[in-house]
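Engineer: Take a look at the letters that make up each chain.
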Amino acid sequence: MSDEVAPILSVKDLTVEFPTDDGVVKAVRGVSFDVRPRDVLGVVGESGCGKSVSSMAIMGLLPKSARITGSIKFRDRELIGLKPKELRAVRGRQIAMVFQDPMTAMNPVYRVGWQLGEAIKAHNKHFDKKQVRSRSVELLNMVGIPQASTRVDNYPHEFSGGMRQRVMIAMAIANNPDVLIADEPTTALDVTVQAQILEMLIDLKDQLDAAIVLITHDLGVVAGITDRMQVMYAGKVVESGTAEDVFYTPRMPYSIGLLGSIPVHTQDPAAGARLKPIGGAPPSLINVPPGCPFSPRCPLSDGTLCETVDPPLLRVGPGHVAACHHSDELAAMEDPLRLFSATAVPE
Amino acid sequence: MFSFIVRRILVSIPLLFLASFIAFILVVNTGDPLEDLRTKINVPKGQIALQEHRLGLDKPFFERYFSWLTHAIHGDWGRTIKDKAVWDQISRSLGVTLKLVVFAEICSVLIGVTIGIISAVKQYSWFDHGATTGSFLLYSLPVLAVGSFLKFFLAIRLNRLLGREKNPLLKTIGESTANFCTVRKPQNCGLIPATTDFLTHAALPTLTLVLITFAGYARFARATMLETLNADYVRTARAKGLDEKRVILKHAFRNALIPVVTVVSIDFGGLIGGAILTETIFEWKGMGRVLVDAVTKVDPNLLLCWFAVTAIAVVLFNLVADILYAVLDPRIRL
Amino acid sequence: MINPPIPTPEIDSDVSEEILLDTLTDHDSVEREFTVEQRTQWKTIARRFSRHKPAMVSLVVFTLLVLFAFIGPYLWKYKYDQVLKKPAGASNDWIRPSWNHPFGVQKGYDVLALVMRGTQYSIRIALVVVVLSVTFGVIVGAVAGYFRGGVDNALMRFTDLMLVIPYLAAVAALQRNVKGSTWLYLSFFLAMFAWMGIARVIRGEFLSLREKEFVEAARSVGASAPRIIFRHILPNTIGPIIVNATLAVGAAVLGEAALSFLGLGVKPPDTSLGKIIEVGKGKATTYPNEFWWPVLVLCLISLTINFIGDGLRDAFDPKQNRVRA
Ligand SMILES: Nc1ncnc2c1ncn2[C@@H]1O[C@H](COP(=O)(O)OP(=O)(O)O)[C@@H](O)[C@H]1O
Ligand code: SF4
Ligand SMILES: [Mg+2]
Chain U
1 MSDEVAPILS VKDLTVEFPT DDGVVKAVRG VSFDVRPRDV LGVVGESGCG
51 KSVSSMAIMG LLPKSARITG SIKFRDRELI GLKPKELRAV RGRQIAMVFQ
101 DPMTAMNPVY RVGWQLGEAI KAHNKHFDKK QVRSRSVELL NMVGIPQAST
151 RVDNYPHEFS GGMRQRVMIA MAIANNPDVL IADEPTTALD VTVQAQILEM
201 LIDLKDQLDA AIVLITHDLG VVAGITDRMQ VMYAGKVVES GTAEDVFYTP
251 RMPYSIGLLG SIPVHTQDPA AGARLKPIGG APPSLINVPP GCPFSPRCPL
301 SDGTLCETVD PPLLRVGPGH VAACHHSDEL AAMEDPLRLF SATAVPE
Chain D
1 MFSFIVRRIL VSIPLLFLAS FIAFILVVNT GDPLEDLRTK INVPKGQIAL
51 QEHRLGLDKP FFERYFSWLT HAIHGDWGRT IKDKAVWDQI SRSLGVTLKL
101 VVFAEICSVL IGVTIGIISA VKQYSWFDHG ATTGSFLLYS LPVLAVGSFL
151 KFFLAIRLNR LLGREKNPLL KTIGESTANF CTVRKPQNCG LIPATTDFLT
201 HAALPTLTLV LITFAGYARF ARATMLETLN ADYVRTARAK GLDEKRVILK
251 HAFRNALIPV VTVVSIDFGG LIGGAILTET IFEWKGMGRV LVDAVTKVDP
301 NLLLCWFAVT AIAVVLFNLV ADILYAVLDP RIRL
Chain R
1 MINPPIPTPE IDSDVSEEIL LDTLTDHDSV EREFTVEQRT QWKTIARRFS
51 RHKPAMVSLV VFTLLVLFAF IGPYLWKYKY DQVLKKPAGA SNDWIRPSWN
101 HPFGVQKGYD VLALVMRGTQ YSIRIALVVV VLSVTFGVIV GAVAGYFRGG
151 VDNALMRFTD LMLVIPYLAA VAALQRNVKG STWLYLSFFL AMFAWMGIAR
201 VIRGEFLSLR EKEFVEAARS VGASAPRIIF RHILPNTIGP IIVNATLAVG
251 AAVLGEAALS FLGLGVKPPD TSLGKIIEVG KGKATTYPNE FWWPVLVLCL
301 ISLTINFIGD GLRDAFDPKQ NRVRA
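Just so you know, the protein sequences line up as chains U, D and R, in that order.
Position one of the first sequence corresponds to residue 1 (our numbering), numbered consecutively onward.
Position one of the second sequence corresponds to residue 1 (our numbering), numbered consecutively onward.
Position one of the third sequence corresponds to residue 1 (our numbering), numbered consecutively onward.
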């Protein structure tokens, strides 16, 4: 995708804070990114780094207590501060979302046809019962539910996890959205089902001409299917670029740590030694310490600059940005993937 | 559905039999029904033996229990120590109690659930804060205090304010005026005067029950609604672009209804034996009075029937709760 | 009517997300995000409790009530059984509240002394009820939840059975035949019919805790069932036990007061708040102090206990109000 195409969704300096009993949780601390039409953007980062909160902010689904600043533009229209009624017209119609856990994301007391129909009718008030039903069956067929015309009368609990997630996707695409945000759509599913669901999502993207934001904590999931990648850490974007950039020339130690923790698709016999999770935990989002948020866990940390100055996101290549004081050193390393295993596995 | 109901009834029956056995043990241990007779000086031995025989006290424990049980199953609840039909007395008091509790319970549920839902939807608003604090206080206050306050404090002042000290508007004693409709007062006979009379008597005890009961429902409905409002499927509903009214009513409330209906129907089962204090404070001759009488005078058959009626009500409404649950929640296999 | 025992819905946090997404991080990272520094669990609970203002105020008031009931009688100049004579030359109003008798005089006794003693008996009865019923309920719930299957089924059917019996009536029937000092018997009877709620709660806790890793670990090294129950699982249910036990104190005080008010509870020589209220109710309008003081103390006990329970619940289980507006 070339950079000249105007973005369909543009997020600028988004911050989200939650006042809680223990202090203000700074869940998202200045996130910017663009989604272009028909693009697939992968967002990765470990649990709690603000992926879901960012996507909820886009959908306008955060609790009232959340304090949001920055800008979220859909086709040049600012979404932050829209009236509830205007926002409802966007939700499900222009931007739709698939959630993580299909077991709880559907209302247990209504048939799936009813729930699909509700999504259809929300933006097609003039549809009559028959139209709604035939569209529901059509959607279920699109997402690969066998015997869709009878399954439409089943309750959610009568579907398996994978099938439910298909129904959820059917609900999300009911009104041909321009952007589909999939928040960990396969995390709660069996490994065997995960690939099928992802494949289907990509198929649908081509059929629907939609852009997809694919959120995950597992780099292995997005490998090979995203155009652009964005790595998040502690409420910030720490690296962003094409999928090739991030996979093959990562310029931020955290991205490397994430890469190191997936079963690597290389033939390298030493790969096993690299399979090592990053030690330690992300910083508190209530009192974020100064300096690079990754510094306590970073093998490259210099202990001075890293712990005092938060590195800005800087261009490290065409369309490739990273937030690290030492990204040049990484570029010079011959096998940066060894960064994490070297510290722990004596050879 | 039918087989589910049958299955549940079949489970309830042994429960009732066991409960009746426990009740029988309790009643046998309440005391000696003929204590009074025995302590009097010149009562002939024969008369005591006669009474013992009439009440079955001369039989061994199990024989007594099974004799009582077989009669009870056939609808014969036996006679009191004063040799009156137990069922007459129980059914009369049951009527009095039901007149009080059913209306009060319906009011409590409607008021409580409405307040709870509004509180949850407008969480942290001034309404929510007020309702939460108010219902917490009322929920924590003893019935004894609320009832006494209404009777001895509010009623007297209000009646005085209305200038009706002689013929108070809010009656505090009994469920109806004694000798209300007689030959000398024909104007009091008829449906309208009788209803008015009843309402002036029922107002305060009903208010007492509503005040202490609705708060519990408000708290429960609020907590349940907060839970469903935060459920993933409600988020999904919002993500579809549905309007807030639909999200709240069709999604959050519809799911909150399941536990609320269950709790309400279970509570209905406890109503008959549940207004004893209110009845006593306002001196109604309901089931509470029967219990106090049956215990103090050690009236075994009366007490057994009391236990039976209240226990059957509890079991019955537990059954209703299960059925309603199954009706409201498609995940329950019938 | 006793306040209906309305179950609070259990807020089941969906832990699956945390577990699934935690593959990259330490298991405690989720909690660590919320605490400025690592505090010990108890300190955190105490801190959360102390921030619950009504609960803190209630704790103070309740402590004062306990002192009033247990120390007060030693300090106050009149004893509960001291028969007072009308002082020479006094008017008939001498039984009304005065400096000498702040709560007035009832049937020749000082009402303040009576109320102190009644409060003491009410609290004593409640404590015995709670110790007995909580112990029994915890054992039943623990055994049912740990062993599951037939044991669980039998115990839970027994629990259902006990719930079918109307408890005020049952206790009244048993209490009728007791002669002499009655308060211990009454406590025992009340406890017999008060353990079911906590048994159900603890069973639920055990059903979920028994599947946890640390229990698996204990089992795999061959720990015996009693050891797992008491050393491994039970300590983890301390929160619900404390909260329920606290609320049970209030319920027991009210249950006892109800019975005594009906004339079916404690009998002389014992007393209780309910008993004093019963004796005073005939003169609620003419000599209000004999009636309203014990009613007020009863209200205070019930309110403070409920607030303390509420504060404890928040302190042990803060996830319900994580977000503050
Ligand atoms: N309603 C909320 N109140 C307080 N903190 C929240 C709330 N929602 C999310 N958070 C916090 O915000 C951070 C980011 O969460 P989230 O976006 O869900 O992470 P993830 O990247 O795993 O999707 C986490 O620390 C989470 O605990
Ligand atoms: S800035 Fe320093 S601490 Fe942060 S990632 Fe780069 S090297 Fe590591
Ligand atoms: Mg998430």
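Be aware that one or more of the hints could be misleading.
List time: in silico PhoX-like cross-link candidates among lysine-lysine, alpha-carbon distance up to 25 Å [claimed, not checked]: (1) R:77 <-> R:107; (2) D:40 <-> U:125; (3) U:85 <-> D:245; (4) U:12 <-> U:85; (5) U:83 <-> D:297; (6) U:64 <-> D:59; (7) D:250 <-> U:121; (8) R:77 <-> D:297; (9) U:64 <-> D:122; (10) U:85 <-> D:250; (11) D:59 <-> D:40.
The calculated label-pair distances, taken between Cβ atoms and stated as ranges, are [stated by the list, open to error]: (12) R:64 <-> D:160: 33 to 43 Å; (13) U:63 <-> R:64: 52 to 62 Å; (14) D:162 <-> R:94: 52 to 62 Å; (15) D:62 <-> R:135: 30 to 40 Å; (16) R:66 <-> D:187: 55 to 65 Å.
Since the hints were derived computationally from the structure, they do not count as laboratory data.
All C-beta atoms in this analysis are idealised placements derived from N, C-alpha and C, irrespective of residue type, glycine included.
Engineer: It remains to establish, for every hint, whether it holds in the given structure.
Structural biologist: Quick rundown of the hints versus the structure:
1. R:77 <-> R:107: holds, 18 Å
2. D:40 <-> U:125: Judged against 25 Å, a Cα distance of about 86 Å means the pair is violated.
3. U:85 <-> D:245: Within the cut-off at roughly 12 Å; holds.
4. U:12 <-> U:85: holds, 23 Å
5. U:83 <-> D:297: violated, 71 Å
6. U:64 <-> D:59: violated, 72 Å
7. D:250 <-> U:121: holds, 14 Å
8. R:77 <-> D:297: violated, 40 Å
9. U:64 <-> D:122: Satisfied, since the Cα-Cα distance of roughly 11 Å is no more than 25 Å.
10. U:85 <-> D:250: Roughly 18 Å separates the two Cα atoms, so the pair holds.
11. D:59 <-> D:40: Status holds; Cα separation ~24 Å.
12. R:64 <-> D:160: 33 to 43 Å: Holds, since residue 64 of chain R and residue 160 of chain D (Cβ atoms, about 36 Å apart) stay within the stated range.
13. U:63 <-> R:64: 52 to 62 Å: With a Cβ separation near 40 Å, residue 63 of chain U and residue 64 of chain R fall outside 52 to 62 Å, so the hint is violated.
14. D:162 <-> R:94: 52 to 62 Å: At roughly 35 Å between Cβ atoms, residue 94 of chain R and residue 162 of chain D fall outside 52 to 62 Å, so the hint is violated.
15. D:62 <-> R:135: 30 to 40 Å: holds, 33 Å
16. R:66 <-> D:187: 55 to 65 Å: The hinted range 55 to 65 Å holds for residue 66 of chain R and residue 187 of chain D, with Cβ atoms some 58 Å apart.
Checked against the numbered hints given earlier, this structure breaks hints 2, 5, 6, 8, 13, 14; the rest are met.
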